[in-house]
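Asks: Residue numbers (the numbering used here), protein chains in the order written: chain A, 1 to 157; chain B, 1 to 424.
Because the hints were derived from the structure by calculation, they are not lab data. From a predicted model like this one, the values you see are computed outputs, not experimental measurements. One thing to keep in mind: the hints can contain errors.
With the C-beta cut set under 10 Å, the calculated list includes, among others, these residues of chain B facing chain A [stated by the list, open to error]: (1) E219; (2) E222; (3) S224; (4) T225; (5) S267; (6) S268.
Calculated lysine to aspartate or glutamate pairs in the DMTMM-like style (CA-CA distance at most 20 Å, straight line) [to be verified]: (7) A:K134 - B:D22; (8) A:K75 - B:E235; (9) A:K24 - B:E222; (10) B:K275 - B:E94; (11) B:K158 - B:D171; (12) A:K75 - B:E222; (13) A:K75 - B:E307; (14) B:K212 - A:E151; (15) A:K22 - B:E235; (16) A:K33 - A:E151; (17) B:K104 - B:E94.
A short, non-exhaustive set of chain A residues, derived as facing chain B with CB atoms under 7 Å [as the list claims (entries may be wrong)]: (18) S89; (19) L99; (20) T133; (21) R136.
Cβ atoms here follow ideal geometry from the backbone N, Cα and C, with glycine treated the same way.
Here is what each chain is made of, one letter per residue.
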Amino acid sequence: MSLIIPGDWFVNPNVLGEFHRKYKDYPIEEIRKVSYEQGLAFGRSVKEQLGIKGDDAEAIAKVLRAVLRDEPTAKVMSVEKGRVLLRNSGFCPLMTACLSMNLPWTWLCSALGWPFFHGLASSVNPKVNLTMTKRREKGDPYCDHIFEIGEGKLIIP
Amino acid sequence: MGAEELPEWFPYSIYIAAYHVDSEKELKSQSIAEKLYHRYGGVYSKEFDSLDFRLGSVSRYVKGLSEGDSRVLLIAAGSTEANKESLNSIPSYEKYNELVESLKDVVPEKPDSAYTLRVAYATNEEEAEDLLRRYIKNAGRQLRSAGLIRGCVLATLKEPRGVSMPMPSRDLMVLPYGDWESAEEGVWTLCFEVCSLALYGGEMSRLYSDRKLMFDQMEASESSTQLRINEILAEMRRPVEEIQPGDLEEILKEITIQFSRLSTLASSMRRDHVKARGVLRGLRNLLKGWNERPVAESSMNSSAEIEDFENLMAPFGDFIERTEALMAQLNTVLDSVRTYLGIQQQKMSIVEQTSSKEQLVRLVNLQEILHKLEILIVAVYLTEMAKTVFETLLHESADLLTTAFIPASLLISILISRMLHKTH
Chain A
1 MSLIIPGDWF VNPNVLGEFH RKYKDYPIEE IRKVSYEQGL AFGRSVKEQL
51 GIKGDDAEAI AKVLRAVLRD EPTAKVMSVE KGRVLLRNSG FCPLMTACLS
101 MNLPWTWLCS ALGWPFFHGL ASSVNPKVNL TMTKRREKGD PYCDHIFEIG
151 EGKLIIP
Chain B
1 MGAEELPEWF PYSIYIAAYH VDSEKELKSQ SIAEKLYHRY GGVYSKEFDS
51 LDFRLGSVSR YVKGLSEGDS RVLLIAAGST EANKESLNSI PSYEKYNELV
101 ESLKDVVPEK PDSAYTLRVA YATNEEEAED LLRRYIKNAG RQLRSAGLIR
151 GCVLATLKEP RGVSMPMPSR DLMVLPYGDW ESAEEGVWTL CFEVCSLALY
201 GGEMSRLYSD RKLMFDQMEA SESSTQLRIN EILAEMRRPV EEIQPGDLEE
251 ILKEITIQFS RLSTLASSMR RDHVKARGVL RGLRNLLKGW NERPVAESSM
301 NSSAEIEDFE NLMAPFGDFI ERTEALMAQL NTVLDSVRTY LGIQQQKMSI
351 VEQTSSKEQL VRLVNLQEIL HKLEILIVAV YLTEMAKTVF ETLLHESADL
401 LTTAFIPASL LISILISRML HKTH
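This is chain B alone, in the form it adopts within the complex (with noise of 0.2 Å):
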């Protein structure tokens, strides 16, 4: 696969657009540079996925870079006549702009991210900024970050006041200088430059507003959150004995469920916050390799837009910190329920202990009365034995003898049962 070669024209206007793609549906579908082919013809290369045609005096580029699920379009419309009229001087974008807009209803309607660059040629480093201060002032911006890229000065302009633009959204101004060839070049190798800052830029702002609701609704569910906790402590500080079983499983039931969708959403989030961390990660590469260099007391595009992107990946770890927090309390709370549910086994385990011991002491003065009965019953026997003994042998004295007897019965009786539990 070959180096694809740059359009032979300098570009005015260049609008940069990076949005999110189905990739299965992608794949069944024509690139936009294809359809344009198809509508306006010109030289299109599958390949590079790109489309130089020319209409008038105007000629317009269009390129489509893939990266995962994210795509990016960048349409450019230039002239190659131009650069006599247009050197030191800011030229008339409207024609150009014109026929980029023209092209944009072929890019889907809500980009994630979205470029738009407007270039002007100067002879030298000074002549450029001059230009720009003058490009600023004519249209009555503020600059928000410029430095130098590549042999051109790239400015960043501030969004107008009260216009409200997509997320991320930036109005760049480009300004080679130096020989007219490699100025043109190092516009083209600028523009490619930034449609990878699109990349990162529509996966940081489609990651950001995937989540944003979540953030916008973190605080009025951490209070509601927060509230029941309170609840729950207030009824945990009731008296032991007030605090049934059935509270308590009521309460362990909820916790568990706030905990563990509590744990969820902080694992989910910092699933998203690992993915920004590698946009941010691929970003900072990018940059590095732009080796910017400042122009004048203002700050440079790499470090505004590390900032804007920090910015943007803030609420993912304060989401994260706030969700861990309630966690935490939850805790708290699960270990007061402990607390209660081992009081309250311990209470219940003492209660069972003074009832066993009354048992067992009724137990042996039970079994002690057995015993006594037990002495009893042989006695008796023996007694009736004897008197069967008395009525055989000496009939008339029987009954003297039986009484006689009984003493020794109860005796032998005593004695029988401790020798009997003796063995036991």
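Okay, chain A solo, but in the shape it has when bound (with noise of 0.2 Å):
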């Protein structure tokens, strides 16, 4: 198991393509696993470049700022308590890459998106949980990715 994924993977169709020949006879959770250490390294290189300091979600928010500041569609939507809500909606990326590669849009966001997206804020704190509450591939208007302090768990309910 050995691909490196870029920081902007989510806008980078070829990555998405490599990476669903190269994973997609694996067990999801051993994916996930993978792409959570690459968002970890990612989250900790961008922390480091922009001097990013603290633990809390101040911190966690600036750090998905800075990676999704080209993105339109994903925004954090509100900081407060400890908790972030990070918001995508509209065509996204991931969305488009999947139907211009006929890849499978449900199997990427769950085996990339949300690992990568919770390693990039365990690089800020390790015991940050994301609880994935809204998902379109189960029929919601957006995603919601809410981060907040716990036991370092991908909670997709």
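With the hints as a guide, bring both chains together as one complex.
Replies: In structure tokens, the structure reads:
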């Protein structure tokens, strides 16, 4: 298992295609681990580059904003009481790439997207939980990612 | 390659399923008919990928058909001895259905399309129609469509209420009539026709289900993009001087991203739409070959199938239209940004022009001062030279002569300056 996922994977259809080709037959938990580690490493480098200090919700929001600064469909909606809400709506890059390259959208979100973002936030605080309260793959109008300090788990209700 | 011989027995229960395969993996694996041959024996044909075998009084037939990355599997169970007892009556399908079910464990779990056929034999067309009415009544089902094809009444039943079936899933009733031999041949021929129908059905169903999530998300994604377009347009309605070039740059970047994304979505969906149109074309050709005739007042199978396929194809076209409508709106925003940029550029160039005009006036004034200074310097120089000459020749009256020479030196200086500037 060795595929370096660049930080802009979500706007890079070639990376997504390569990721699917390489990991499609692996158990989902194993792939999530790889994606999480890649997000963690990328988050650490962003933190270092921008000199982001602290391990609270503000620091998590800063990392997320920095990574998603050029992405109009993803927005940090609120930062309050140790909780960050990241919302993804509209025609997201993953949706576009999946349609154009005939890739499974649900699988990519679950195996790559959410664990990667969990890894990003964990670079600020390893105890952060990511709960996917709303998911478009199950018919919600947008994806809500909630980052809260907890046990360091990815929760997909 | 010779034509395959049809089984010499009458099928009562048939299951046809179409599913997608990975061609590379499929090449390396055994076919389903071959697997079953190793389990049950019988007459296996590698060339036609078929197996005809018998268990007790029931005959069974399994056949695989391929088209690109799609496979169709036909499983049939029937009997050679049942002609008399089953004439103009609905046979008991239980034992045949059970045997078909027992073979389903070799079929992939989620087929793209599945067709279940039950067969009953009638002496003539009227008997066949009567048998169909009786079957529908006894089973408590409703008729969706029916027609006369290849010497058989083919009826499609509506899905029972509350039962969710894989898409598309069809429950068919086949009622051959006429002499026994031609009825038997008619049923088998129709089975293979339904296999082709299952192929098209599977392909269309797969195309649709692969994109279903996109279709479902269209409404929400469209609303959120529309909201953002409205926000940008509201921003653009601010006075020109309040909008900074940096803001316009941000807007331009966002619109470019959204525009390219919508363009990718529209063209990718157009590709799938073209594929779906190809499948529909194939289906139309197949159904045309059936030469179906109507039964009583029910709608024909071919029209019902085409309608279903068109309904599955419609969301592809709708998606394209909606993304293109958003693109048209983004183009309007882009035009507004361009207009704003043009106005700002014009304003900037007017300011620049005014400032360069003032600079020019200042430069001309400076030049005039320089000219005057030049005349004075030359006059001073001439006076000094004259003073030296006067002091040498007429020492006593040198001061007086020098003073008197000053106006002359000024005049000479002006003349020299004019001469010099004339040459430039």
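Asks: Confirm or reject each hint.
Replies: To see whether the hints hold, each was checked on the structure:
Nearest Cβ of chain A to the Cβ of E219 (chain B): about 8 Å, under the 10 Å cut. The hint holds. Proximity of E222 (chain B) to chain A holds as hinted, the smallest CB-CB distance being about 9 Å (cut-off 10 Å). Look at S224 (chain B): its Cβ gets to within about 4 Å of chain A, closer than 10 Å, so that hint holds up. The interface hint given for T225 (chain B) is met, as the beta carbon of that residue sits about 5 Å from the closest beta carbon of chain A, less than 10 Å.
Because the smallest distance between the Cβ of S267 (chain B) and any Cβ of chain A comes to about 8 Å, under 10 Å, the interface hint for this residue holds. Because the smallest distance between the Cβ of S268 (chain B) and any Cβ of chain A comes to about 4 Å, under 10 Å, the interface hint for this residue holds. Proposed proximity of K134 (chain A) and D22 (chain B) is contradicted: the alpha carbons are some 33 Å apart, above 20 Å. A hinted pair counts as satisfied when its Cα atoms are at most 20 Å apart, and K75 (chain A) with E235 (chain B) qualifies at roughly 19 Å.
Proximity of K24 (chain A) to E222 (chain B) is assessed by CA-CA distance (about 30 Å); at most 20 Å being required, the pair is judged violated. Restraint check: the Cα-Cα separation between K275 (chain B) and E94 (chain B) comes to about 40 Å, which exceeds 20 Å; the hinted pair is violated. Of the supplied pair hints, the one linking K158 (chain B) and D171 (chain B) holds, its CA atoms being roughly 8 Å apart against a limit of 20 Å. Between the alpha carbons of K75 (chain A) and E222 (chain B) the distance comes to roughly 17 Å, so the proposed pair stays at or under 20 Å and holds.
Taking the CA atoms of K75 (chain A) and E307 (chain B), the gap is near 42 Å; set against the 20 Å cutoff, the hint is violated. At most 20 Å may separate the alpha-carbon atoms for a hinted pair to count; K212 (chain B) and E151 (chain A) exceed this at roughly 35 Å. Of the pairs offered as hints, the one joining K22 (chain A) and E235 (chain B) is violated, with about 45 Å between alpha carbons and a cut-off of 20 Å exceeded. Annotation: proposed proximity of K33 (chain A) to E151 (chain A) holds, straight-line Cα distance about 16 Å (limit 20 Å).
Distance check on the hinted pair: K104 (chain B) and E94 (chain B) sit about 15 Å apart at the alpha-carbon level, within 20 Å; holds. A distance limit of 7 Å between C-beta atoms decides the matter here; for S89 (chain A) the minimum to chain B is near 4 Å, and the interface restraint holds. Satisfaction of the interface hint for L99 (chain A) is found here, the shortest Cβ-Cβ separation to chain B being roughly 5 Å, below the 7 Å cut-off. At its closest, the beta carbon of T133 (chain A) sits 15 Å from a beta carbon of chain B; the interface hint therefore is violated under the 7 Å criterion.
Restraint check, R136 (chain A) versus chain B: the minimum CB separation of about 5 Å is within 7 Å; hint holds.
Checked against the numbered hints listed earlier, the structure breaks hints 7, 9, 10, 13, 14, 15, 20; every other hint is satisfied.
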